[in-house]
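Turn these sequences into a full structure, and let the hints steer you where they fit.
Chain residues, written in single-letter form:
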Amino acid sequence: MSAIANDSDKQASSSGELQYIQYEGDKEETYLPAIRQLISKDLSEPYSIYVYRYFLYQWGDLCFMALDPLTNALIGVVVCKLETHRSGTFRGYIAMLAVQESHRGKGIATKLVCMAIDAMAARQADEIVLETEVTNTASMKLYERLGFLRSKRLHRYYLNGNTAFRLVLYLKAGTALKRPDMGDGAMGYGRYEGGDNAMFGAEAIA
Amino acid sequence: MQQSTRPPEPKVHDITEKFTRACNALEVGQLVKDDLFTLFESIGALEIMDSKMDSGFLKPGETLEHDYDALNSILPEELVGIMDQLLCHEMAWHTGYPLSQTLFTSVYIDNLLWPEPKTLAQAQFYRGSIPDERRPGVLLEALRAYCLAVIKCCDYVIAKVTGRDYFEEEDFCTHTYNRVLFVQIPLDVFMRELDAAIENIESEPDLSEDVRSAIITRLQFRKDFLIALDPDCPLSQLESYWPPIRSNLQPIKDTQPLGKPVPSSFTTKIQRRLASTVPPRPIVEFEFKDAFEKLQQICTDCEQATNFVDLPSDPIEFQSFLWAYAGRKPAPLTYARSYLGTILFHPETLNTGMSLPLLDVKGLVYPLSPVTDQSNWALSPPRNPLMPKSPRLQLSLLVDEFIERASQPYLDFWTALGQNRCRLRRMMTHVIIGWDNLQADAGIVDEDINRVVDEMGIREQVLHDALTTWTYHKKLWMVERIVLLGFEQDIYLPDEYASMYNFLSIIASRRALVLSRISEHHAQRIASGIIDTSDPENVEYASHIESLQCEATALQDLSAAMAKLYTVLLYLRLVPVPKRPFSTEELRYELRMKPFLALQPPEVEPFAQHQALLQPFGPYERPNAAFAASMLDPKSGLWTDMEAALQNAKGRLQGMKKQGAAGAKASGAETAWKEEFKGLVESAVLFGVVIARLKGAVRKVEGSESGVAVDVKVEIPAIVVGTKCSDRWIVPTVSQKLK
Ligand SMILES: CC(C)(COP(=O)(O)OP(=O)(O)OC[C@H]1O[C@@H](n2cnc3c(N)ncnc32)[C@H](O)[C@@H]1OP(=O)(O)O)[C@@H](O)C(=O)NCCC(=O)NCCS
Chain A
1 MSAIANDSDK QASSSGELQY IQYEGDKEET YLPAIRQLIS KDLSEPYSIY VYRYFLYQWG
61 DLCFMALDPL TNALIGVVVC KLETHRSGTF RGYIAMLAVQ ESHRGKGIAT KLVCMAIDAM
121 AARQADEIVL ETEVTNTASM KLYERLGFLR SKRLHRYYLN GNTAFRLVLY LKAGTALKRP
181 DMGDGAMGYG RYEGGDNAMF GAEAIA
Chain B
1 MQQSTRPPEP KVHDITEKFT RACNALEVGQ LVKDDLFTLF ESIGALEIMD SKMDSGFLKP
61 GETLEHDYDA LNSILPEELV GIMDQLLCHE MAWHTGYPLS QTLFTSVYID NLLWPEPKTL
121 AQAQFYRGSI PDERRPGVLL EALRAYCLAV IKCCDYVIAK VTGRDYFEEE DFCTHTYNRV
181 LFVQIPLDVF MRELDAAIEN IESEPDLSED VRSAIITRLQ FRKDFLIALD PDCPLSQLES
241 YWPPIRSNLQ PIKDTQPLGK PVPSSFTTKI QRRLASTVPP RPIVEFEFKD AFEKLQQICT
301 DCEQATNFVD LPSDPIEFQS FLWAYAGRKP APLTYARSYL GTILFHPETL NTGMSLPLLD
361 VKGLVYPLSP VTDQSNWALS PPRNPLMPKS PRLQLSLLVD EFIERASQPY LDFWTALGQN
421 RCRLRRMMTH VIIGWDNLQA DAGIVDEDIN RVVDEMGIRE QVLHDALTTW TYHKKLWMVE
481 RIVLLGFEQD IYLPDEYASM YNFLSIIASR RALVLSRISE HHAQRIASGI IDTSDPENVE
541 YASHIESLQC EATALQDLSA AMAKLYTVLL YLRLVPVPKR PFSTEELRYE LRMKPFLALQ
601 PPEVEPFAQH QALLQPFGPY ERPNAAFAAS MLDPKSGLWT DMEAALQNAK GRLQGMKKQG
661 AAGAKASGAE TAWKEEFKGL VESAVLFGVV IARLKGAVRK VEGSESGVAV DVKVEIPAIV
721 VGTKCSDRWI VPTVSQKLK
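These protein sequence lines are chains A and B, in that order.
The first sequence begins at 1 in the UniProt record's numbering and counts up one residue at a time.
The second sequence begins at 1 in the UniProt record's numbering and counts up one residue at a time.
Calculated from the structure, these hints are not laboratory results.
In this text, a Cβ means the ideal position worked out from N, Cα and C, and glycines have one as well.
Among the hints, a few may not be true.
As the list claims (entries may be wrong) - Listing some non-contacts, in silico: residues in chain A with all C-beta distances to chain B over 10 angstroms:
no. : residue
1   : Tyr20
2   : Pro33
3   : Ile39
4   : Ser48
5   : Leu70
6   : Leu74
7   : Thr84
8   : Ser102
9   : Arg123
10  : Ala138
As the list claims (entries may be wrong) - Here are a few chain B residues that face chain A, going by a calculated C-beta distance under 10 angstroms:
no. : residue
11  : Gly29
12  : Lys52
13  : Glu169
14  : Glu170
15  : Asn420
16  : Pro578
17  : Pro717
18  : Val721
Put into structure tokens, the structure is as follows:
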């Protein structure tokens with residue numbers, strides 16, 4: 001585990017021994033309502049349950065949660081996916097991240113993101129990307145401290161008309177040179193979901 | 001042809017048992033995912049009975065339909081208020097919100113459009129027949145005329161926007177939810193409605209004069225606006241449409257306080273009938289002040305765009321205009337960009353004697369050249385195809401071949417220049433790939449041209465590999481803009497500035513080199529008497545090349561100086577550097593260089609070389625002893641290189657100034673050109689002050705990592721996107737430390 005994650009281990013433990021765990025598919029009933037509630041607090045429009053299931057069903061092992069050990073309450077969560085992108089890279093994507101307001105600024109999100117990055121790196125991800133509103137200082141700071149760079153500015157990316165930055169972290173050398181693999185098998189895998197809406201990392205022109 | 005057959009008898013299979021058996025294989029609550037269920041579908045999914053997603057969900061006591069009666073009489077002040085509310089919604093739509101959250105929330109608009117009227121006469125606030133006492137009076141009739149015109153304005157706007165390249169939802173929402181915005185009904189019908197309304201209001205007895213004039217101003221404005229938006233306006237008259245609108249704007253603003261808004265005439269309930277598959281979304285609240293600003297901006301931007309018509313037929317003038325227009329602050333709205341795009345791509349604009357790409361080529365690499373001599377195109381091929389073609393004919397055919405090949409990349413380049421600022425940068429990173437391929441092809445045509453030219457014995461008259469040179473020059477110009485836009489859009493973190501300015505400097509130096517080859521060749525032709533220096537074409541050409549050279553070198557030197565300064569700040573640990581446990585410098589370099597890695601040339605420097613250049617004193621956190629020594633010695637290369645680069649840049653800027661906007665071929669965008677130039681000069685001056693202050697504040701610190709410190713406070717200003725041109729040149733501020 002990374003230096004930062006260890007740092008924040010300490011911070012977290014001094015603030016009440018949070019428990020960090022990986023999501024599991026058969027715990028949907030236990031955790032999904034809380035995850036939805038936590039995430040949707042910061043959304044102008046809620047995601048349907050299928051959005052959560054889309055990620056958690058396929059990449060539940062890339063979802064990490066911070067729990068209060070006494071009450072089992074969900075304090076923070078990160079939700080990701082990892083698949084071959086149409087550019088040819090094996091791309092991790094951080095889809096959702098949130099920490100309870102009362103627990104912010106203690107390194108909880110940092111720790112969750114570190115766990116997710118470590119998990120994706122262990123699965124040989126080439127890169128990790130995400131979008132965040134240009135005005136979301138806390139989130140930009142968090143990711144940039146870990147090594148993400150801003151790669152693009154996305155005009156009116158969100159439904160509410162706000163502009164976003166695409167942040168990117170390369171994990172492997174040669175990622176920029178990868179090209180779509182047109183060999184057999186690759187087609188179904190890296191299929192570009194042409195109809196993706198602006199959210200979750202698909203754009204008309206990457 | 002499909003045979004019309006009787007539908008087959010339905011066959012019934014009982015699958016109950018199969019289904020039950022299959023279900024037994026699943027746990028309760030276990031998910032099953034179909035391979036075809038995509039992220040897109042999951043995002044589009046709605047949950048029934050969730051009030052935030054299900055637009056049909058009714059809270060206890062809530063009604064499905066609104067109960068606003070559009071036939072209720074309104075006060076004159078309310079008429080003014082509603083007109084202004086509609087204006088606010090219209091402008092909100094112009095900034096990118098959908099009609100369903102803006103204009104289409106108006107009960108009046110909705111009643112006119114739905115159920116769909118067959119004729120304009122049917123487009124009333126009611127359908128069918130109504131008792132006489134319910135018939136709308138003069139005020140409601142005026143509101144109807146105004147609404148009809150607003151709707152027609154939307155129709156015109158959509159036509160113009162969809163006629164050009166734009167991005168749905170990002171730039172603009174053209175969705176009309178199956179409402180037909182009077183597409184078939186011509187302009188004069190709406191004008192008549194507005195005229196009739198104006199007449200009626202003029203003769204309406206029970207109106208106070210100020211309210212009367214407020215209403216008439218708005219109707220008059222709507223007339224002028226509608227005329228200006230008409231997509232069939234002839235190019236030559238475009239500029240006459242905007243000034244009358246401007247004259248009505250101030251009175252609208254002044255009389256706005258007279259109006260009395262009627263919020264109840266707007267409701268989100270209409271959304272239920274627009275699209276059932278979209279969650280209910282709030283009405284966009286746009287203040288009158290903001291809406292008015294946007295309206296003003298659209299008018300000024302469109303009026304500015306009409307100047308394009310009067311530009312000299314020179315593609316570089318076009319390019320300068322487009323670049324300046326894209327850089328206007330605040331950024332032009334989508335409609336205004338489409339408006340300019342329509343002028344640019346109008347057949348009358350493109351119909352120049354010589355094709356625009358060819359003019360562009362000629363203006364850089366073939367001035368007064370036998371290769372592009374008009375007479376080459378007058379030659380006809382020999383009757384007998386077995387006979388050799390004359391060399392001049394061969395030249396014209398080769399040039400035509402190249403121009404045809406270049407037309408798509410050229411078009412892509414102009415299309416990119418018409419996008420919103422964020423897209424412009426990203427699209428340009430794709431356009432350069434097309435130009436890179438073009439350059440390879442240019443090389444092949446160049447070889448043929450070289451051969452013909454040798455055959456003709458006019459080698460010294462023709463720039464060698466001219467087409468490659470031209471393509472490369474344009475590509476390098478784009479790469480420079482991509483980096484500059486990166487600064488402007490706050491893409492780079494402060495600890496990347498040194499590296500990015502360094503890259504910019506390398507690219508600009510390549511372009512300067514290309515230009516010096518061009519100008520040397522030109523000088524040779526003058527020296528050997530091939531060119532008459534007093535020829536007006538030559539005068540113009542010489543000034544343009546001089547201007548380009550000065551600009552490229554100024555960029556090269558200024559960015560080199562900036563790179564050096566930020567390198568020093570990195571050694572002094574005065575730039576915030578994140579810890580970045582998951583990343584390495586090499587990986588970040590690769591990410592940053594990604595858009596340019598495919599280019600050949602210019603080849604991206606290998607990381608080791610890049611690092612050696614940017615870390616001349618070893619790692620930033622542990623510089624070698626030479627760093628302190630150089631810092632403390634005002635005559636060391638560290639300082640003199642920086643000062644010389646800056647001095648050089650200033651000299652080149654003076655050279656640019658001498659040639660002026662005309663030399664830069666930006667005479668049609670002179671104000672913007674001057675402003676950009678001023679920004680450059682100011683940055684250079686400020687930068688000189690920074691170097692001097694820093695240099696004077698260095699002090700030896702034994703035992704510290706770098707061995708030195710500066711006794712001043714250094715701050716790197718935050719970029720406020722969309723404010724000023726010089727935000728591409730981020731000059732740190734140096735001030736006295738508070739004791
Ligand atoms: C973004 C978010 C997940 C961060 O959670 P957190 O647990 O507070 O984050 P951490 O404590 O690990 O780190 C956040 C960093 O941002 C800083 N920060 C927090 N709020 C800040 C603010 N308003 N302005 C500037 N910096 C801020 C913190 O100080 C910390 O940096 P530091 O350690 O250098 O001081 C949390 O704010 C949140 O849930 N926001 C709403 C949802 C959201 O925006 N998600 C991200 C969408 S991509």
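List of violated hint numbers, smallest to largest | Numbers 4 and 17, in rising order.
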